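Asker: The lines below spell out each chain.
Protein chains: 4
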Amino acid sequence: ELRNINGEQGAYFTKTKEALQSDALLKTMIEEANGDNQFELIYHSTPENYLKRKGEKKMLEKFAHVFPAMVTPMNEDGSFNYEVAKKHADWMMDNGIGGIGVLMAAGEYQSMSLEEHMEYVNIMVPYIKKRGASVIVGCSRERVEDACALMNNAYKAGADAAMVLPSFYYNQSQEEIIDHYTYLNDNSDLDIMVYNNPNVTSGITRETMKELYKLPHVKIVKDASMVIDVMTDFIFEAEEAEEEKNVLCGCDYLLYQAYATGAVGWISMTANILPKLSADFHNAMIVEKDYQKGLEIYKKLYPVVNMTERYPAPTQAVKHILSEVIGFDEGICRRPRREISDEDKAMVVEWSQIRELAKTNKM
Amino acid sequence: ELRNINGEQGAYFTKTKEALQSDALLKTMIEEANGDNQFELIYHSTPENYLKRKGEKKMLEKFAHVFPAMVTPMNEDGSFNYEVAKKHADWMMDNGIGGIGVLMAAGEYQSMSLEEHMEYVNIMVPYIKKRGASVIVGCSRERVEDACALMNNAYKAGADAAMVLPSFYYNQSQEEIIDHYTYLNDNSDLDIMVYNNPNVTSGITRETMKELYKLPHVKIVKDASMVIDVMTDFIFEAEEAEEEKNVLCGCDYLLYQAYATGAVGWISMTANILPKLSADFHNAMIVEKDYQKGLEIYKKLYPVVNMTERYPAPTQAVKHILSEVIGFDEGICRRPRREISDEDKAMVVEWSQIRELAKTNKM
Amino acid sequence: ELRNINGEQGAYFTKTKEALQSDALLKTMIEEANGDNQFELIYHSTPENYLKRKGEKKMLEKFAHVFPAMVTPMNEDGSFNYEVAKKHADWMMDNGIGGIGVLMAAGEYQSMSLEEHMEYVNIMVPYIKKRGASVIVGCSRERVEDACALMNNAYKAGADAAMVLPSFYYNQSQEEIIDHYTYLNDNSDLDIMVYNNPNVTSGITRETMKELYKLPHVKIVKDASMVIDVMTDFIFEAEEAEEEKNVLCGCDYLLYQAYATGAVGWISMTANILPKLSADFHNAMIVEKDYQKGLEIYKKLYPVVNMTERYPAPTQAVKHILSEVIGFDEGICRRPRREISDEDKAMVVEWSQIRELAKTNKM
Amino acid sequence: ELRNINGEQGAYFTKTKEALQSDALLKTMIEEANGDNQFELIYHSTPENYLKRKGEKKMLEKFAHVFPAMVTPMNEDGSFNYEVAKKHADWMMDNGIGGIGVLMAAGEYQSMSLEEHMEYVNIMVPYIKKRGASVIVGCSRERVEDACALMNNAYKAGADAAMVLPSFYYNQSQEEIIDHYTYLNDNSDLDIMVYNNPNVTSGITRETMKELYKLPHVKIVKDASMVIDVMTDFIFEAEEAEEEKNVLCGCDYLLYQAYATGAVGWISMTANILPKLSADFHNAMIVEKDYQKGLEIYKKLYPVVNMTERYPAPTQAVKHILSEVIGFDEGICRRPRREISDEDKAMVVEWSQIRELAKTNKM
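Protein chains in written order, with this note's numbering: chain E, 1023 to 1385; chain U, 1023 to 1385; chain L, 1023 to 1385; chain A, 1023 to 1385.
Careful, some of the hints might be misleading.
Identical copies look the same in the list; a pair holds intra-copy or inter-copy alike.
Stated by the list, open to error - With a straight-line cut-off of 20 Å between C-alpha atoms, the simulated DMTMM-like cross-links for lysine to aspartate or glutamate are:
hint: 1; residue 1: K1315; residue 2: E1261
hint: 2; residue 1: K1241; residue 2: E1259
hint: 3; residue 1: K1298; residue 2: D1112
hint: 4; residue 1: K1232; residue 2: E1098
hint: 5; residue 1: K1321; residue 2: E1264
Simulated from the structure, these hints should not be mistaken for lab results.
Note that the structure is predicted; figures quoted are calculated from it, not measured.
Could you build the full structure based on these sequences and the hints that come with them?
Answerer: Okay, structure coming up:
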């Protein structure tokens, strides 16, 4: 299998002499690669191995992306502003974003009734999928039956996976966490992104994650433990799993260390406002595997990723920046989120250095 | 005003010469007091002051109680077992309990749909009220609109107050917490017990509580901060409030120190299984004001109050003890709570020394 | 045994007809009691029981006190100012203080070489003992051999006990903590106050304290865990010990709850600046056993006890208040403590409301 | 300047036409590089810039190493076993270790009197320096005057730097931390490794580190905050400093992420028992800059680096492993460290997988 920056260019099986795309022209490949002439040559002993790997590739194609945890634009009365939502999603995809997180915490999914959640998903998921990007939908609910209902709707709407937390009011034991995801695995056809967030729910241990990796629908993990050693545990444990499982970074400021350790994607607050730089970082680390370049981009992102994770009201901050600095009228937040003060608004703009950094975006 | 252990025995106003119950017989009073002949004589300069104090008394009559955070008995399929619920409630009241907490955390209120919650409240609240006990209903929901709907139903059912947390998925700022309770104060007629539980929501500061005390419907506070200094702050701040506000202990093992500092009641896991000893403690501290006696009862309760607060699955533990030791068939827990192991069951029985202590209950 | 506020007034043994001080005049007793005519009559079945109780009394006479953790006055060059130290000690004792803590944390004992520590102890301990007050000397050192050397010196100087922490750089296991105190018990004749301070060393568990209570020289415990439930554990465990062991409150703001639960004394920052009110509180709770009165004094002390425990540089704060508000020239602090800012100085004076409260002191 | 894996091969200054080693043969260079023919070409506009860079190189030559935090072998009576110490140091250097940490926490430096500390340093530092390795000596003491005395002795003995914590009994403010290091900077000629360990002392903020970087003797930082974001802050801040400052990893299990982010060395418990694999990791990341190779070695080290940081008595664990698995008779630990149980000994051997991993060492 011969690959370059544009993906697979052909395949040849040494034992069976079969070849795929055997008539491709090297010249064309090089020209299309825009000056990046690095090729990766992968030997497969059998076509079966190649196909198995292709299956895995498909999983990476789905989930190895920066997924902005997209904010949900609202009118003054709290109703959804789909027009702005679509424009914002389009703009992020135009800037190189390959996946979108719909109705995650930043999308205020806990402020919506089950019906409102489904309505938004039914409109926005097909819209994004049409553009070819992946979609992960936040479906956490305290009652697992409610989470399941949201997942089944998201599945029908075409989502690629659901992000689901353990229960967050009740602190589940590790056994109860396994029961929680087993219930979801058994009662929905949608793939699951297990979400570890020990500040909100019981923390998931490495041993528990090993069990969760055995559930067929559990494909990916978002770790927001805020410490890299837990994410490292999940990454190393994923490598031991029978089927391919992947870990996505769930903490903006641990971005670089997460990718360097093996995370394949990022659920990102930052990408709402800096999609181009976020996508560039991802490409440097995953496609080009150039860690020095990745580190340089990370340094640029550093003020923003710190603000989004450390300022206690990041949704309001991101909506403010989108409205005032970038140019999308995101409107209000629903309860329990209230507007932040003018001092805070000025502070988050200053802290994130966003006026300067926003110039990296394509408008 | 002349009071003894049975409450007010008469009143006489020095300035106006008015008298209430002037023909009561001292002999009868003493006989009815069962050997406790202590009287409290309170001077009121005017009948108005007396009546104002009576109003306050009414508030204490409502809320100065041990409120068991009553578990919700369920059948194998998760449906409510009202028969056991009523028997359990009756038994607790027969043992001297003067108030009941319905559908609090131990009542698994987050495991029920809004409809199920209302159904249970509509049946159980009138049942308890008929016996003359006070009822506080757990109405917390992540969406304040849902909490409000539960409160309005509980109000119609005759509840005395609703226990409400700040939002528990989203960590509210202090301003957002004030907004939360203001919304509830303005949109429901039911009185509110503010519930401070920093392990689940943002902690409420003394300054914020000062603001919440200004809301007319905020009558009482349940503090489950697990540290006595926060409860002390709320008690001392309540004494500064314009209207009467009271604090109830929300941590079983801080019981004695809470009452000694001025808490007037207790939202109690323990009283589910030891109603008599719990009520005796309350009477020693509040009615008899005999702190040495209270401390002695607290020492007896010590193994239980430590188990109920420190064992991580207290609802399952209490249901197990009720079923196996006391004799009420509480059945299963709903998701996200799962059955605890046999080792744990044995351990919580041993830890709490409940087999011995259960003998204090009237059966 | 007949006791009043001034202590034992006489004893009479019913079985043997013996009497002590049988010719004491009731009139004199009452006159000397300054208007407090409450007597406590204690029956002893045998003189042996009486004598045993007397032994216990002696322990309470030694340790049931407010012990100011006395600051160490220093000249500009860091040398000790004994003149101010003696005046300050005298003033506290004149205000009713019955014991003094010498060279505890507030006394900057970790900023002194072993030689300097011994010099200070050799001068100040005899000075205080001459007045009849008890003395506890802070002898913690990272190396237990050094702690032991300080204890042996304090013993010779006449101290009643040494306050000793577990090692504070290395986090000892529970077994290592027991080894630590066993070493001290076996290598010094001085009694020991075990000091639990989980913010500085490993926390001591109830099970470990049970073992430490078996060491003959371990007489008392100072708990600075900052949570009342740990102190409660130590108090309840002390009641199970074969010999009498007592617990002293080591957290200024938990003062009232500690005494209400059974603490017999207080190692106090506050008493440096408010000796009279501190001693009054102690007498209300221990001698008069009037908890309502104790609670009222606690409310007065509340701003000060919160400042001394919550302001991160209490030694500097107390020295500043003594110098600027009370009138003892305490001078500088040694390294690692540096002078606090003028803003902080103003803030701690305001926070503690000390200008008003200082009027309670006898000058 | 032309460099390859063996270091500088020559230099040429474009503006002045000067050249160093202009007659070096490319053939020789390539042959000596053992198959690694990668060259790095660095332009310097002036010879001065080149020389300045050479100075920086010297700093990296000193400090860009794995420094085992070497345990201190002791006889049964607690006296030092210099023979084993020398053998152990030799063996680590034979396995590729380029620097040694003498009398750090694992070296039990807080269990020694000042005199004992100096004696050990006076013997071991010259011994190690003779072999050409760098030496950093642990000189933390609660009293900064004592720390300074230890530093001055270590300087005379030939050490390259002293590791110094802020005071650990007293929690210093940020201003007091700056005062602490300024005192040391001004009163000793030895270079300083600032040691951030928020579990033992007040944590050092990025702003404070910026100030500390201005002290000429502060050359390096050891971060043991156990979170990579604090280390990242220190690394990024170092890049802003006027003079070269470097950060060393102080948490075994964050090793890989630390190097990937820019740490140039490692103060290591693990290297006591796995010097070869530790040195290989360092070379992969720093010399070869091959992060995939580094990550693979990190995965091998993973069980050990987790054990050394998470088992609460790592010094005892490492001494046990050295004695039982590797073959150096390390003897006892001094107080406050006591022998660990047989169960724990077996557990740390199992947890660390050291029997298998020890085969990577050259014996």
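Asker: Go through the numbered hints given earlier and state which of them the structure violates, listing their numbers in rising order.
Answerer: Per hint list: single violation, 4.
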